[in-house]
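The listed protein sequences derive, respectively, from chains A and B. Per the working numbering: the first sequence = residues 1 to 243. Per the working numbering: the second sequence = residues 1 to 247.
Accuracy of the hints is not assured; some may be wrong.
Simulated restraints on C-beta separations [what the hints assert, rightly or not]:
id, chain 1, residue 1, chain 2, residue 2, range
1, A, Leu126, B, Thr95, 44 to 50 Å
2, B, Thr95, A, Asn173, 32 to 38 Å
3, A, His189, B, Val140, 55 to 61 Å
4, B, Phe19, A, Arg111, 25 to 31 Å
Derived by calculation from the structure, the hints in this document are not laboratory data. Using N, Cα and C, we set each Cβ at its ideal position, and we do this for glycine too.
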Amino acid sequence: MIRVENLTKAFGPKLAVNNVSFTVERGEVLGFLGPNGAGKSTTMRMVTGFIPPTSGKITVGGHDMLENPLPAKRLLGYLPENAPGYADMTVHGFLSFAAELRGLRGAARKRAIDRVVEHCLLENVLYQTIDTLSKGYKHRTCLAQSLIHDPDILIMDEPTDGLDPNQKHDVRNLIKRMGENKAIIFSTHILEEVEAVCSRVIIIDRGRIVANGTPKELKARSPEGRLEDVFRAITLPDTVKAH
Amino acid sequence: MNSWANIMAIVKRELGGYFTSPIAYVFLVIFLLLTGFFTFTVGNFFERGEASLVSFFTWHPWLYLFLVPAVGMRLWSEERRLGTMELLLTMPVTTWQAIVGKFLASWLFLALALVFTFPVAVTVNWLGNPDNGVIFAGYVGSLFLAGSYLAVSCMTSAMTRNQVISFIVSVLICLFLILAGYTPVTDLLTRFANPRVVEVVAAFSVMTHFEGFQRGVLDIRDLVFFVSVIGFALFTTGVIIRNHRAG
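Bound conformation, chain B alone (with noise of 0.2 Å):
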């Protein structure tokens, strides 16, 4: 199929882009340091006495706040900057093609990092009896929660061509989509405001619905979730780089 090679040959010079760059060691290894850090020292991973990887996932909004961001930051604002946003969007690919493809890569880049945890998972099945299923569907949360964030880094990154305003609009957009349903905000909330109106406004936090991944659970709702924040934010970089074309 004609637009799946299309996306295939963007995909491939998006992930060869990172790995020509500094850019993909510095994050793997900022990002396995931050994860073994937090999952070990803050997390009281031994301490707790417990075969199961709590302690890891956890942390996965909070790191992801900042580090999805300066993956994704670059996707179309470094197109605009450098000025091959026109020859992209004048060759025989549609703009649907381009956002797919770049957002995908970035995604399998990010989908890489989480796999290179997987010491993790080891550690914990060698020093006890862990449920490896609550495992999986953590790993599986953690994946759709990454792509939530970058498809939010890929629409601000189609507003400009500064990385430094999309990084930092992208991470104020995330951090609203974790404090909707970080449970001391909602506490705070559910005192000023009806109770339904604040679950209402969980309903669109990522935590609320990567919880159910961290217990093991695949709930097709959560799943549906994180899938329309992915299209609709995919959609809105769409519209973006449309009116941005327009003028």
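Chain A with its partners taken away, still in its complex shape (with noise of 0.2 Å):
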């Protein structure tokens, strides 16, 4: 459904992501690893279309995503980093909104809100604005903005960063469901999270894709079998300096 062929992002001199290729299929979870400013964020913003690459290509629901947008967004549920909102509109004005921008109105916009309400656990604050809920909330609100079309294609930048142990076991678990008949990519550092949910790992550093493979695969090139034996042998700290 997502297929990405040698992306590149140069921002001046700096290559943030270096020529990635991957493609995700229906059913399939992908998580992407690595550590900060590794180009994560970067690849999943040019795979949602809102920043252009540099070079290559991005196919999602065989739409490119440069060509011919609109149609590739509609297939798209994307929750950017940090959950952004609308700090002024309450949570059910904010759902509306995302709704009508989906090409929800009347009855269906409703069953849609009601929907992803129920998902999301918002009820006890539907009616609150955006800028008086706790992160939890925050977070949830944004994650149902992006369920509100029941997408095929979800992209979850850092979904269970900065939420506690009960919403993080919570979105996790969601993020399994959907799997099953959507196409995901989510981003962590969290590695626990990876082995949990997902069906496919692709480790970055210095914006290339250093691994790739069932979580299981890489595991299994440890001697211990842990993958954070794997991720601290093939990453490197941010304090190094690449050649």
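Make one complex out of these two single chains by using the hints.
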């Protein structure tokens, strides 16, 4: 459903993403792993059509994201990093707005809102403005926005960042459940999370893919069978200078 | 039409945003107080002894200089600060629809503020026999004047995530649009420069083009001027947003 070919993004002289290619099919949950600043967010922003790549090709559900972005964007749900939301809107107003931009009107819109409110447990704060929400609720509101049109493809940038252990657990379960009939990409730096929900892992370091496989395959690379050892062995801390 | 539905959804959200925060009410009250003050006190509405709204419209370029950037400064800078720009532009919406939607919403809001000045028109009709065609032309001119400033504010707000910077830059550009054709300035300039050059510079000023409306003349060239300013500023907004996204 998602096909990324030779994707490169340069910010000035710096290559944030360097010749990255991968595919994600329906029923797959792809975990993006990598140190901070490795290029995970930049890659996701390109796949969702927010920023244009310097070179490369992105196809979403058969539609070219650069040539024909609107049909491609219709298939996507996106949860950006830090779960942004319009501070002065109520949760209901915000979801309504998202639904409208997704082409849902009238009864269909109402059904869609009811569904995501139930999924994301937002009943209690439905008429509160977003700036008064706790981090967990704010996060779930943005997640609800990404699910409002029941997309085939879901892209989530650090969906569990800043949540408490219960919330993390809920979000992981949700991802796992949805992964059965959607194509999902999510980024994280929590290794246990990857083992818990991903069917495949890509490790990115300094804009390049340094590993791509199932969690099991990756773990097998370490003598102790621990993902953390593999991660530490193939990625460099950001204090080390690249050559 | 799909694109129109998207624009309307954005217009609705933006307008709602004005009214759920105190911005709308504060703005409306200040706008009405200031127009009243300038029209009746500074503009000597009564002492003029004529049934016209000259003392009302004369002040609009100066009033708008501060009030319109205050309305427009948040349009895109807020999106950038909150990170919602990433949400909005990954929706099945073109950048164009978003720009036009945001602009239209704020313009409608300014039109509403202008509608609330109707007591001035009622007063002048009650006291005398004004030419209501002139008053109508004045309102049309004022609306386009506000639209031009607003498009400039829209452009400056796309440049930065800081609303204060967006406000100041926008005031400066609008000030230039005024001063280039402000009579004291053009008089001064004619002393140093070729009058033809001064005339060309003045042609870029909102003052030159607003004047006709105040006299009751709906000149197509003046309308074209304001529409071009709006079009140009919104086009530039699109370019700025594209460059910002490209990094």
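Self-check item: Violating hint indices (sorted, rising)
Solution: 1
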